[in-house]
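Dock chain B against chain A, hints included.
Here is what each chain is made of, one letter per residue.
Protein chains: 2
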Amino acid sequence: MGSVAPRETAKANVLVVGSGGVGTMVAYALEKGGRANVTAVLRSNYSAVEKGGFTINSLDHGDIRGWRPTQIRNTVPNVSLEGNAVIQPYDFVVVTTKNIADISPRVADIIAPAITPGYTAVALIQNGFNIEKPIIAAFPNNPVISGISYIGATEGPLGTIKHDDHDEIAIGAFDNPNIPSRVSESAARRFFDAYIACQNVSCAYKPDVAFWRWKKLLYNASFNTVATILRMDTSRMRVSEHVVDNLIRPIMYEIRAVAKAAAGVELLEEDIERMITIDTFQTFFKPSMLQDIEKGNFIEFENIVGEPLREAERLGVSTPTLKVIYGLLKAVQWQTMEIKGLVQVPQFNEPGLKYGSKQPRVIL
Amino acid sequence: MGSVAPRETAKANVLVVGSGGVGTMVAYALEKGGRANVTAVLRSNYSAVEKGGFTINSLDHGDIRGWRPTQIRNTVPNVSLEGNAVIQPYDFVVVTTKNIADISPRVADIIAPAITPGYTAVALIQNGFNIEKPIIAAFPNNPVISGISYIGATEGPLGTIKHDDHDEIAIGAFDNPNIPSRVSESAARRFFDAYIACQNVSCAYKPDVAFWRWKKLLYNASFNTVATILRMDTSRMRVSEHVVDNLIRPIMYEIRAVAKAAAGVELLEEDIERMITIDTFQTFFKPSMLQDIEKGNFIEFENIVGEPLREAERLGVSTPTLKVIYGLLKAVQWQTMEIKGLVQVPQFNEPGLKYGSKQPRVIL
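Here the protein sequences line up with chains A and B, keeping their order.
The first sequence begins at 1317 in the working numbering and counts up by one.
The second sequence begins at 1317 in the working numbering and counts up by one.
Derived by calculation from the structure, the hints in this document are not laboratory data.
Relax, there's no trap hidden among the hints.
It does not matter which identical chain is used: a pair holds within one copy or between any two.
In silico lysine to any residue, SDA-like type, Cα no more than 25 Å apart, as pairs: (1) Lys1674 to Asp1480; (2) Lys1670 to Ile1588; (3) Lys1674 to Gln1598; (4) Lys1656 to Gly1472; (5) Lys1656 to Arg1547; (6) Lys1522 to Tyr1569; (7) Lys1522 to Lys1674.
Next up, chain A with everything else stripped away, as it sits in the complex:
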């Protein structure tokens, strides 16, 4: 840690990367708690927020107008280039962006300029399995913190946040085998303390990160994926009944089996049944990937379905529903890649096409 002084007693210096609905509410809670100064990295909403601040309609915090965190930036700060006179090393870099494992730039690349090696703790408030792996590979001696959030918060129009499902978050330390576990845990504890200082949120320190992560995957591998494929909110799925009975619940049972085989996590039938009705009905909630696809953005399906599926196949766990869902979401991603120019579709039957047309077409 070299010349960097311990900052345990001062306010935490926090960078929040990803200021859509979730990131903004995380930044708000941390500032409100009084134990953190937050710098938020904004992108599409930067000029709107610079001008008028955030407009927040929040279930937990009420109506807020013109709010800004301590500092806003439109790029990820480069701590080594800007130097200590401008930026104190970040105690925490909190990531609330989507985790698009199959498309560059990846999370580790995005946050790299803001990370002080061996010091900054990276808090991933993100969904999915194995998301800590590339972070630990990139920053081998930094603590990595798991945040599992159940908040419902969406942005639209830019700078305007609707926060309509209560902020509940489970915080714990990912296991980083390169550093003592007490270092990881102490970072996670400090982040938890800063978060829970805001009285209006439900924040819990949960050392059993795997349990909470797999439990959330019950929801994300099912509702979030099926919503994206069907462009359907979760309340309509519940009204239809058969979407829950034929797709959502079967996926949840598959995730339960993978969680047990992969991590020894015991998810109960009761956990599954409660997860089915977890969204507040009248919000007609559109899960995050559905929101992403409606905006024309990439979806984080690799960590939500791909990694659990690969783990299942490695361990011989039967996951037939996940497999089909994964295949469909990979195609959805491919469609976005075509729109964004990352794949080219030939207009004619070129010789190189694996599945080009054979001539002549004769059937009978």
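Same frame as chain A, but now just chain B:
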């Protein structure tokens, strides 16, 4: 057959129900062959065709303007009400509508007014498994003919047909256990003769109806369903490769297994590989259900996936991919039902909801 005279030597009196792309090209081929007088039942395109006839751009027949069949109608004629002075009994009622088994009115109800019991042969140029069952139940002593068509023909705008994949059709008799098989076969033969009289089409008499029907199901249970879920043409699926590898081919292998168990039909790997590249690449073909859903119409997924799936489950054949595809398409149909007002979605968490929200929501 009572007072109805045999008409074997005269031109066949044919009613075509369903005059979109396929129905119009069937009507055109039958008239062009010279062995049939066709009455076409038009709906949305009635006034356009009444005014200016059909405009057809056809791969097989060239550019045609202002074409009309012998007669057009805007409803299904009622032969018993109108009487023999106005309408001779129909030798054939050819059905090229979609077969929406889960929504009224069903095919048997639609065509009932035009059927002379014990006389009219019903030719179903439609996809799917078990489609003849409700027709035989409604008209127990009438022949039912199977038409498996590989034509590519779409309508748009109204009255304008683009026919861009060659008209290939396999004709045979469904087994109707209530009448001698020679009666069914002779009706199918006569329909075949009328169709093949048009030299520009590929029409084959195929007594092994089950084989041709299941072979076509290779395509419809895979490309047609996945296209509908993803809103993706078949050329893009082929360019992506993984859609073929992870979804299309696995479904085809499942259909192959059901065909064997249900009907003793032997579909070969070679049939599967040829079916994968069956569409002419540069047409970027959108299969029929995708066209239907883009128009806001119901989809015929029950005969294409539902019936094969139920047969598979009855016979203990493993069809995990079909099962998920079916669940998704049932949801797609439900979405159309909501739009058309056939299902109501409550705005609040009503007590009767099977999957209503439990209060309070507590997760951590």
